[in-house]
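Student: Same order as they appear, the protein sequences are chains A and B.
The first sequence: position 212 = 212 (this note's numbering), numbered continuously.
The second sequence: position 222 = 222 (this note's numbering), numbered continuously.
These are calculated hints, taken from the structure and not from any lab test.
A quick note: this is a predicted structure, and the numbers were derived from the prediction, not measured.
It is possible that part of the hints are untrue.
Listed next, the stretches of chain B that the computed footprint assigns to chain A, with coverage defined by at least 3 CB atoms under 8 Å from CB atoms of chain A [said to hold, decoys possible]:
{"#": "1", "stretch": "19-26"}
{"#": "2", "stretch": "97-105"}
{"#": "3", "stretch": "329-337"}
With the Cβ distance kept under 10 Å, some of the chain B side facing chain A (calculated, not the full set) [what the hints assert, rightly or not]:
{"#": "4", "residue": "52"}
{"#": "5", "residue": "53"}
{"#": "6", "residue": "54"}
{"#": "7", "residue": "56"}
{"#": "8", "residue": "76"}
{"#": "9", "residue": "81"}
{"#": "10", "residue": "85"}
{"#": "11", "residue": "148"}
{"#": "12", "residue": "158"}
Far from chain B by the CB rule (all over 12 Å, computed), these chain A residues [unchecked claim]:
{"#": "13", "residue": "62"}
{"#": "14", "residue": "92"}
{"#": "15", "residue": "120"}
{"#": "16", "residue": "148"}
{"#": "17", "residue": "159"}
{"#": "18", "residue": "193"}
{"#": "19", "residue": "240"}
Each residue gets a CB set at the ideal place from its N, CA and C atoms; glycine is no exception.
So the chains spell out like this:
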Amino acid sequence: MAVTTDTPTDDRSSATDAVQAPRKQRASGANVGFGVIAWVVAILFFFPVFWMVLTSFKTEGDAYTPTPKLFFEPTLEQYEGVFSSGLGPYIANSVAATVLSTVLVLLLGVPAAFALSLRPVRKTSDVLFFFISTKMLPVVAAIVPIYVVVNQIGMLDNIWTLIVLYTGMNLPIAVWMMRSFFLEVPGELLEQASIDGAPLWRTLREIVLPIISPGIFATALICVIFAWNEFFFAVNLTAANAGTVPVFLVGFITSEGLYWAQLSAAATIAALPVVLAGWVAHNKLVQGLSFGAVK
Amino acid sequence: MAEVVFDQASRIYTPGAKPAVDRLDLTVADGDLVVLVGPSGSGKSTALRMLAGLEPIDAGSVRINGRDVVDVPPKDRDIAMVFQNYALYPSKTVAENMAFPLKMRGMDKEERADRVRQAAEMLGLTEYLDRKPKALSGGQRQRVAMGRAIVREPQVFLMDEPLSNLDAKMRVQTRAQIAEMQNRLAVSTVYVTHDQVEAMTMGDKVAVLADGRLQQYATPPELYDRPANAFVAGFIGSPAMNLLELPRSSTGVTLGGIEIPLPRDISDAAGSRDRLTVGIRPEDWVLESTDSDGGSVIKAVVDVVEELGSESYLYAHLAEDTSTSIVVRGPGRVKVRFGDPIAVRPNSDTLHVFDVESGERLDGQ
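Excised from the complex, chain B in its bound form (with noise of 0.2 Å):
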């Protein structure tokens, strides 16, 4: 059980380069699942190495439970990692993997065995204690990686996209088994990952980090809901949210020959630039018929349809502006096909409204 705190923590793998890691401000409160999510070389793998004490914390600390571990070796850390490969010990059992970091405690071998037994049966693994690594599943292999992380009963948990070497179907069973898990433990985890599906799903915070930088740290539907600025809004959400560059007008913004009005407290935050960046997600646009009056829908044609089933997503660019594309949210079995005209209306309610240069939401709080 533990606080894990980044104070300005940075990470500079050359001095005078852009650090890996800039000055990242976090606070996981004990027993949360907080996710760290970004695109590679975001530095959130370096993030988590440093908590780890496999990279060194070059300004800034890092602290566990109240205590400064940046002088302190990775072993005495007092947390259990799960890496993205496994790391298991190859000439090793399964149950003398599982076994290791306790025997490097000193634990004695019954209390071990006991833990080992129960860990093994948490996660299915029983008959297979006697194995090595080798004869294992890529899903076993996980688990034991879990096992070992477990059996230490450690302070944090730390996992570097543990289910990335998983198939589809096991990575969606693997992902609700490890919440349960974490939730049944209430020990405090940092998880790192690319997938912003993992990070929605699993996270009880979701950190999202770009060029080393901290964009946003916020509660999963707080990171949907109100994005911080135009990159978080492009990363959570998937298909992502469209983001369109739009002239202001008197009452809001001009899109595809539309006036579509922002609210009041927007308008205000905008100011007078004459230019926004204005996020519309794919289901916050509305499906209206093509007969509709010229003047209150915008008028697109389709590229590409995927048909999921309980809904679909169109593919179009808008008619009057052949370069600006959408995405819209439409019914499942939509019967509209590459070519068709559809028009659409945004929902005006639900925009999102981004300085252009800065990315930074505008909205008056």
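Next comes chain A alone, as it looks inside the complex (with noise of 0.2 Å):
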């Protein structure tokens, strides 16, 4: 009985080796062939950035030789050219905004997404479009109404604006983005809670958030980059006093000519901040929703 049993197992396994073989060649060649397209597309993207950052570190001299030059001798005077033309203010700007409107995002957002996955009531489908809705309308035809209506109460070129504006520009892509991570909690556990006796908030921030708190810190990047990288809202309604980084860049072009040096380390700068924030949210993201409570 043993023997008839572990012959058909033992011819199984080596036919699947003999079919397995040259199909794992096969494979590996293809990843070789994905690796360099992978790597050729990679390159091709970060070149340009690249570039900006080592045209950065060069003289306007350097920056403008007929043959680029890939090896010169590196300076910081390009960055304490574009700090002392005033660069300070616009970067507080800019912290101010998306910080801010980042925790407003975050503050009204999580609630929101949490009663629409967690807590659906009859109108859920309607009030998720209605969210994504408001991102239908192009910003270009927005600007007007939003113009004037800044303009009559007197907050033209005022930070808080912004704030505002990017809140609600970021509000419904956090909620939705949100609810897909609350959608994941499974709902034995908030029933759990509720027989355990826990009152609704301390459902939400002692067991719910630290589920999701991989998908709130994915959420707040995104926010971030939003709003760090906003043009044309802040071109439009600010000028000296609630500039920020982007609309800084776009003053030095016009103002200075084009000098690339110096234009490449203030775009470097600008571009500084994002990066850090990805790579810092990162960390977070790779662990994953990870649940320890099902199965």
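Now that you have both chains on their own, put them together as the hints suggest.
Tutor: This is how it looks when you write it as structure tokens:
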């Protein structure tokens, strides 16, 4: 009996080995191909950024040579120039608009997403559609009424205008994103909490939020990037007082002419916080949504 | 310590549709472990969730210790529940998980720690108290969930298929532990399972549900010996009872060319019906020699032999009527193989007879 059952198993395994061996080789051949393509695409995308950073350390003379120079004597001259031309207040404005709008988005969006995922009501889908529909109108079409309103209430060139607008701009995306994370929370946990006698806010704070914290980090990161990079509202509604970094960059081009090295330095400074934010959140993100509660 | 009463309790998900739980009447005596068992969709979990307060009670009432709990939120029902997936809080340690319901009740820290320590000792979890659920095995998580229920010292334990995520060996072991613990604590318990072995081994009483309706509520032996209808007869027991629809004869019913006499009371209860559903458990067949006289035994041909060591089950079809299959319990190490002829005779003292249409038991009582 034992012999008869063993033999077919052996046959089967050696048969699958025989089939798998060439397949493995083919797979690794394809992998090399995809690897090459991935590298080419990555370099293609990264090269301009690399060149920008490189140029920011050149003198204007080095930046303008007819044959681009890869090796040169690096200098911090351009960075000094950028800061001395008054970048500081613009960075402060960008930080204020980004941080405060992101905090507001999370304060408003987390409870909204919680309600729309774990405590659904009859009109949940309508509400969700309402949120996303606010993103359908092109910003260009909305800028005139927004400008008129902001002007009327005397809030032009005020950082709080941008904070409110960025909050409104990011809130729908944040609600949709966080809702999908909330939906991953097993309903049994909430039922257990209700039997255990935990009030709603404690359930949210002590049980739900720890589970979805990677999701909240991801959402916050998206909000930070969108707010930091936002240009259209900023350029139309602000001037010297509340201008943000993107506005500064544009002003740079027009006032100073095309100074490649200095512009590169300014752009590198503008890009740096977003890259840093991504790198910090990345560590949180890769923790992933792993639950110990279910199975 | 409490008595739990379902009084015509119903749950109707969509008005007009068939209720998920239909006018359930059930009394769980103080300290009893009652098992709700049935196939999926029978309403057993819904009934439990109605008791927990996780599902509304649309009609009738549910009472815990005489108090109508229809409008009482779950936390004020003085119950503790163990979920199928354990529902442990992933961000909290074992100790924090177990202490959480006590903390929510405002118990002071020392008493909390004391109770958690006691429960952990009882469940063999002491060395895991500082771990997160992620770092525990399935069986350990299950025990943490039990522990969190125990520390509450509730009036009623509710358990929703607490063993279904464990492997077979662990399940048998934990089954005994739960039964032993429930006996010791003497807390009324409502236990939901789809596994009739769990129901039979653990329940002081067992409620069999199907299609949202209570089929029978009885002790395990009663359920086995006197199933109230054909559904219960087929559901309880493994392998299932043979349920055969047979024509009446002058003294009983006819099967495989022989007459099976029916006891007087059943015969009277059957009245003028010309067909009956007759139930014969696998162990209620007597294996006879294949040389026996054709008039007194039923000849059959074996399709499958399940050898269990101490006993065996023979799946066979009748020689005369190949569309009728039967299951017969035989001795261990049975010499019969696929295709062999066998001869059987039902033990007429242990026949179960049901109405063909309604499935109700017929025995004149």
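Student: Take the hints in turn and mark each one as holding or not.
Tutor: Right, here's what the structure says about each hint:
Proximity of the stretch 19-26 of chain B to chain A, defined as three or more residues with a beta carbon under 8 Å from a beta carbon of that chain, is not established by the 0 residues found. Look at the stretch 97-105 of chain B against chain A: 4 of its residues bring a Cβ nearer than 8 Å to a Cβ of that chain, three or more, so the hint holds. A count of 0 residues in the stretch 329-337 of chain B with a Cβ less than 8 Å from any Cβ of chain A is obtained; the coverage claim is therefore unmet, three being the minimum. For residue 52 of chain B, the interface hint holds, since its Cβ comes within 10 Å of a Cβ in chain A; the closest pair sits about 6 Å apart.
Annotation: interface hint on residue 53 of chain B holds; nearest CB of chain A at approximately 8 Å, less than 10 Å. Checking residue 54 of chain B against chain A by beta carbon gives a least distance of about 5 Å; that is within 10 Å, so the hint holds. Here the hint on residue 56 of chain B is broken, as its CB sits about 14 Å from the closest CB of chain A, past 10 Å. Interface restraint check for residue 76 of chain B: the shortest CB-CB distance to chain A comes to about 8 Å, inside 10 Å, so the restraint holds.
Taken as an interface hint, residue 81 of chain B checks out: its beta carbon lies about 5 Å from the nearest beta carbon of chain A, inside 10 Å. The beta carbon of residue 85 of chain B comes within 5 Å of a beta carbon in chain A, closer than 10 Å, and the hint placing it at the interface holds. A hinted interface residue such as residue 148 of chain B counts as satisfied when its beta carbon comes closer than 10 Å to some beta carbon of chain A; here the least separation is about 8 Å, so the hint holds. Of the supplied interface hints, the one on residue 158 of chain B holds, with its beta-carbon coming within about 9 Å of a beta-carbon of chain A, less than 10 Å.
Every CB of chain B lies more than 12 Å from the CB of residue 62 of chain A, the least distance being 54 Å, so the non-interface label holds. For residue 92 of chain A, the condition that its CB be more than 12 Å from all CB atoms of chain B holds, with the nearest at approximately 36 Å. Against chain B, the non-interface label of residue 120 of chain A holds: every CB pair exceeds 12 Å, the least being about 15 Å. Residue placement check: residue 148 of chain A keeps its beta carbon more than 12 Å from all beta carbons of chain B (closest about 48 Å).
Listed as a non-interface residue, residue 159 of chain A keeps its Cβ farther than 12 Å from every Cβ of chain B; the least gap is roughly 37 Å. The beta carbon of residue 193 of chain A is not kept farther than 12 Å from every beta carbon of chain B, the shortest such distance being approximately 8 Å. Residue-level check passed: residue 240 of chain A sits 47 Å from the nearest beta carbon of chain B, beyond 12 Å.
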